[in-house]
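Enquirer: Each chain, written out:
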Amino acid sequence: MPSGQHPILEMRSITKEFPGVKALSDVSLTVNTAEVHAICGENGAGKSTLMKVLSGVYPYGTYDGQIIFRGEPVQFRDIRASEAAGIAIIHQELALIPELSITENIFLGNEMTGRFGRIDWVHAKFRASELLARVGLTTDPDELIKNIGVGKQQLVEIAKALNKDVKLLILDEPTAALNENDSQHLLDLIRGLKGKGIASIMISHKLNEIEQVADAITIIRDGKTVETLDISRGEINEDRIIRGMVGRSLESRFPDRTPKIGDVFFEVKDWTVQHPQVPERLVAKGSNLYVRRGEIVGIAGLMGAGRTELAMSLFGRSYGNYLSGTIVKDGEEIELRDVSDAIDAGLAYVSEDRKVLGLNLLDDIKASIVSAKLKKISRGLVVDDRKEFAVAEEYRKSLRIKAPSVDMGVGKLSGGNQQKVVLAKWMFTDPDLLILDEPTRGIDVGAKYEIYTIIQALAAQGKGVILISSELPELLGIADRIYTVFEGQITDDLPVTDANPETLMRSMTSARKRVQN
Amino acid sequence: MSTNTSSTSSTTSAPEKDGSRRKLFGGANLRQFGILGSLVVIILLFQLLTFLKTGRGLTLDPNNLINVINQYSYILILAIGMVMVIIAGHIDLSVGSVAAFTGIVVAKSMADWNLPWPLAIVLGLVVGALIGAWQGFWVAYIGVPAFIVTLAGMLIFRGGNQFIGQSTSVPVPEGFTFIGAGYIPDFGPFPFSAGTMILGILGAGWIVYHEWNARRVQKKMGSEMAPLWTSVVKAAFLAIVILTAAWLFANGRAGTSFPISGIILVILVILYSFITRNTIGGRHIYAVGGNRLAATLSGVKDRRVDFFVMMNMSILAAVAGMIYVARATASGPQDGNGWELDAIAAVFIGGAAVSGGIGTVIGSIVGGLVMAFLNNGLQLMGASADIVQIIKGLVLLIAVGVDVWSKSQGRPSIIGLWGGKRKGRFESAQAQEAPTVVPDTDNATSQPADLTRN
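Each protein sequence line maps, in turn, to chains A and B.
For the first sequence, position 227 (counting from the first letter as 1) is numbered 227 according to UniProt numbering, and the numbering increases by one without interruption.
For the second sequence, position 30 (counting from the first letter as 1) is numbered 30 according to UniProt numbering, and the numbering increases by one without interruption.
Only chain B is shown next, with the shape it has when bound in the complex (with noise of 0.2 Å):
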């Protein structure tokens, strides 16, 4: 937690010139959606692109969609694991490693030792929170920081997979494949997916009764509410874009619908985001970030709440790891090259601050699909993998970038306003509360220039 920052004291120095302007817009204009909006741009642009290239929109083509979840969805796993990670102010950079030691462990029992193939998956989870231990107990209880942890692990656990299965790959049998390549069974008299239609359907049913019920509560209890508008706006286009992402996973092939792999990463990020907004141990970690000092003071166990960051990050690294093999139909030596690069880079466009204390699970996903569809994109516009990379080199600077630029301008978030609840709360006191606070108070000159930063 870097609190001795005095260098940048003077950033504050522009937020008046545009107070006009901001008065005029109300505070609420396009950047408010945020990343998300980036998102749905970046889908529209490739479409766009590709309809001009091709006469046909490849990127909102069903069998496109489907493919994107297959193969992003283990990265967006890593994701879940990653921001919490980031939060309580540490990263991991074995998670590659991890998850391709898994996979052949996995791999090999059922290959060698004929496990069934769900047993196999419990041993996978049971490795992933062995290395996870491992980890989290050198992070939390020697204490040797979290880089130096895991750059070990990356080390350690990228050989035992090439010591395990000889650097060759291990193919795993057909049951097991179903986690990776497998979707929704068809039924009904439907020419599409109807199971996933159900689901589509639930899933905007649950966000309009969300925001309805969340505006129920505000009202109740005398918060502070955003304008009606924004509300509707916000859950009318979030059902829309459920229901219609729905309608075309349903109409891709024959005997595809919305992934296996897509299901675990929805029920995972619905369980994960509440653990972090609605759980003790969520607010824990947010404390320990936010400021580990006070967090002991307040009895928070520190130290636990890093061992359990890491080794539930090392858990989902090992069903990323199952996800990937099971995808792949084998276990190779260079599986999970390269993501823990991916995930960290999803989780800082998706808001979180390096220096801890910030950060969603939703914005993460959110960062997570820009980087996956910015790449299929690109890909399906022929680009070769070196341009790809440079591109999403500079995404990844520009997003992170302009969003601080932004704050350092005194404007809101353009990251945190779209959604988060932990970060929407801080920067919309920010951004709406000005008239009240004088913004530097006697004692506001000592305030961590992180907080201004991200």
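If we strip away everything but chain A, and leave its shape as in the complex, we get (with noise of 0.2 Å):
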């Protein structure tokens, strides 16, 4: 593998001034070419900052330092020029286009005209099978997007890119919505185009991916490089980022704890949910579980399994159509018809999707922590501000939300803090049981030890957790009993202790072991 001879991109001693905040200074970075670059970093570190300055987001004058292309210093105005230079982005929120189909937003904005400007189908479609051959994609041009996984969603963005003669290929946080398969077949395709002389850069929490296929690091924290790790020098691997992430060595991933189990508190015996829109699929078939006081327990599956699916149909109804089951909670059973329901009965939903399904981002951070339960902080239907103001204060301090004010609206929060102020949201509603999806997809590594150490203290206080997630050394870290699902079958349960990453996996694909209860 070559190293550090050519190297295809500098950036020399970038510096980005915002109003009052120095998001980037003195930073610099070299890539090679044909080379993996990963870039890591805390959230607010100014990675996205530095990948804006590159591709042009940021235009040339508004920042200081140079940046070097293949040789020669540029100048870029906007997205166009830098992506008229072989530079691609492909941003976390994927930018197609979901009515149109594969071929149609391959080509968008750049098509293949012929005389009088009338769009050549033809070719455009010869193309598009030819770019999805080499991103290993067998599916129709004529697909339309919405119909496509979001791995190969994602694969289409690259073969986007690869139309443009991308030289550069930029990807932010490329598998955060990917399962495994599809990550893998994604972090192969890097590979593979490394071999086709494509750099590209990687911005990424999942640090096991990073030391999968980075050949470098540059690791950036306040806005400023702290380092770059070389492979080849055998500087990578994962305790080695997280310290130069954090400015620390975080001596565990997961805080410590000695959990204290009651007893079953609440059980849901053989729920079985239709899919909304095809009756014949059942997205939850006869499931059983339980939950005891004080008890983490997880669920693990690939996407698809029916893991959210289960989750929100036990809240409320609020996904499919209820078709049999029983909740049993503190030995009585109770029938939760919608989600004022759930929420009265003690039941809470963290989703997996802040900011769609969690979080109204034109409001600020108090009126998001008491939404859930305005009832508690009113007089009849007046709802008193001032209390609002005091909750909202005393989570702000309790939970650590980085925020001047409560105030502040919660768009303007980083990833991290917006999961805390869900998190505390559904807090307020002093809940018994909480179920967390995904609680810590896209969050740094600071942020997440923060969460966990949340998690574990609502267990302390005798609440039962439910925790969906798909990293599964986080549910082997914190959850003191596992689920997994497989086509929405319960295919499994184990106690953490017997619970390995093969063991989970196995019961995750496949429904040979059923669980009896």
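I should point out that these hints are in silico values taken from the structure, not numbers from a laboratory.
Keep in mind the model is a prediction, meaning the values are calculated, not measured.
Any given hint might turn out to be false.
As the list claims (entries may be wrong) - Listed next, the in silico EDC-like pairs over lysine to aspartate or glutamate satisfying Cα-Cα at most 16 Å (straight line): (1) A:K329 x A:D239; (2) A:K206 x A:D239; (3) B:K220 x A:D384; (4) B:K220 x A:D385; (5) B:K301 x A:D344.
Reassemble the complex: the two chains are provided individually, in unrelated frames, and hints are given to aid placement.
Expert: Quick look at the structure:
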């Protein structure tokens, strides 16, 4: 593997200021030709700002420093200019149009036109198939984007970039929404592109992936370059990266805890739910589960296995059509017809997508925190502003939400702090059972640790916690017991002491073993 | 709710350029007065223009002010309901027709069945509620977009009006006209209307008390506070405006004073401001409009909210229709034509967002007054109806355009700054907290673009 000879990109002493804050100060980055270069750093460290400087989102003149691309100094005025030079950025949130076909998306804004500006769909489609083949997709190019999974959409994005003759691909959290298989495929592809002379910059929180594909890693902390690690010198391993990112070594990624587990207080029996659009499809098939007081119960499953569907259908039937099954809480059978029933019964559901399902981004912190139980701070129908402020202030302090005031809009917070606001919102409802769906997705290592601490504190108060996660180490790290889900069925129930990634993965991918209870 | 607008993600390119300028002005310059300032400017401008033209400022003439209130109170009442509909993410095109329909039913009930007028008003409110329930049912429980439901309603109730009235006017009795053409009765030995002045003094006193109380609470809670001078200026400015207005209204022609329709309007503004800002139901409207999915998963019954805002809108349309009929002393087939557009324009000039979740009652009223005084001033200047329409259209476009542009430049919203708590909070966070938060943390990239647009 070539190392250090041919830099394709050099960013020298980039400094970028926003009113009152230095987002980047004197950051340098060198990416070699045919290299996968990872950028690591906590949320807010300045990774995305750096990429925006590079791709021209922040045009030349709004930052200090120099960018040298393929041997020449460049001054991008906008994204188009950087694309023309061969830099493509693929965002965390995909920029594809769901109602258009793969071909149409690939050529969007870059149409192959014939005479009189007529689009040449025949050639476009042919070219699209070629590009799809290069990224390892066999899907029909006429298929609509909305009909293919996130993993494939990610690949279409890359195909789109390849079409523009990209030399440097920037991937912002490319695997955040992908399951293990799709992630692996994508990582293989990135490595493959390297062999064809396309360098990649990858921003990721998933350190195991970085370790797997990166040739070099630049670590950014508080808007400054901390160091660049080189794999050929054997410098890359997870602990090393974490140490660089947080400026200290995390003794453990999971806080210590001695579980105090009580009796079973929440039980679901024979829970069966239909898919809302496709009645033949059952998203939960006779599922049985129970939670004890003070227990953290993990749910493991691949994407599409029905974890979220199960959780949401329990939470006041907010997903799918309920067919059969009972919920028993504290020895009594309860019926939760809608979300407010569920909240009143002491359930809380922290959704996997905090921006779409968890928060009203137009609201401020205090309004968000009280939004799921306004009754608690109201006299009759009138909301008491002072109580609202006091309550929110309390959570801001106890959960260490980084914001100068609870009057601040939640849309302005970083992912970790938004997640804390969502947790505060549900803690405020005084739940007995919290269902946490991917609570640490897209959050940096430091904030994850804090979220784990909060989860453990909730369990220590005698609340039950159901933790849904795609990250097996996370489940193994903080759950007391783990259910595995496969195609809507609960396939296993393991105490964490008996579980390891292999056993879990086996039950997550087949229905051989059924739980009897 | 639009969350997928990736193409505009690059709008934040220039905030750093004027950063120094903003520091210089401390973030507080004349723009803070925003749309309220524009209202004052428009009034003063026409006062000056009419003075230059006729030698007497006509805009602030007491009789003219009374006239403006009489002419626009029903549009402003519609704007109150409309802003709630728009905050919830809907629209109501039927309000003019609903007003006309209610008007004809009320007029007929008095003319043909000799219903006493107080009962006729009750009947009008019931008709409004029934129509609202009908439209709310289609929007909330069937899921037809409000645009379609109310477009249908616009046709249905316009036709209904003409069917019942057989396309003719139906006169209403004397007593009923009080709500549209009545005034606060005169009393006492004064040469001006004492009742109007008392209301004015109460209003001004309340403003000062409210501002003082807000600061007291903020201080106690250790909340973020605006500088003292802005509170003083704001309270003094508003108090002076109210007292001046009261004085002017009190000195109209003998027998006139602040109109009854204006009093109905003020009561409704206070009531609905309270509902939208301080009650659980009000919070739910903003929640549904801001993020429906998140609201439902927080236990908000979104259908109920949809139903309520649509029903409430029709009730207010009924009120507006009755006031109009009372003022015109008859209900006719063309009543309420185009009102929906005036009301919607008022709401957007007043700072609401097309995508929902943002807007205030008071902002919409000020927006409505901007349109009212513009219209009135142009008429005083002798402009013909065609010119008035063109100018009103341009003002709507420019007012919202400037605000959108200003925000896309990373400056605080002009419209948002001056008042409404709902908007003020969010925008001021943007303006003042910049130093503590990196504008683009890793996750901010996915912010819906409508956040930055409105």
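Enquirer: Indicate, hint by hint, whether the structure satisfies it.
Expert: Outcome of the hint check:
no.	hint	verdict
1	A:K329 x A:D239	violated (42 Å)
2	A:K206 x A:D239	holds (12 Å)
3	B:K220 x A:D384	holds (15 Å)
4	B:K220 x A:D385	holds (13 Å)
5	B:K301 x A:D344	holds (14 Å)
In this structure, the one hint that does not hold is number 1.
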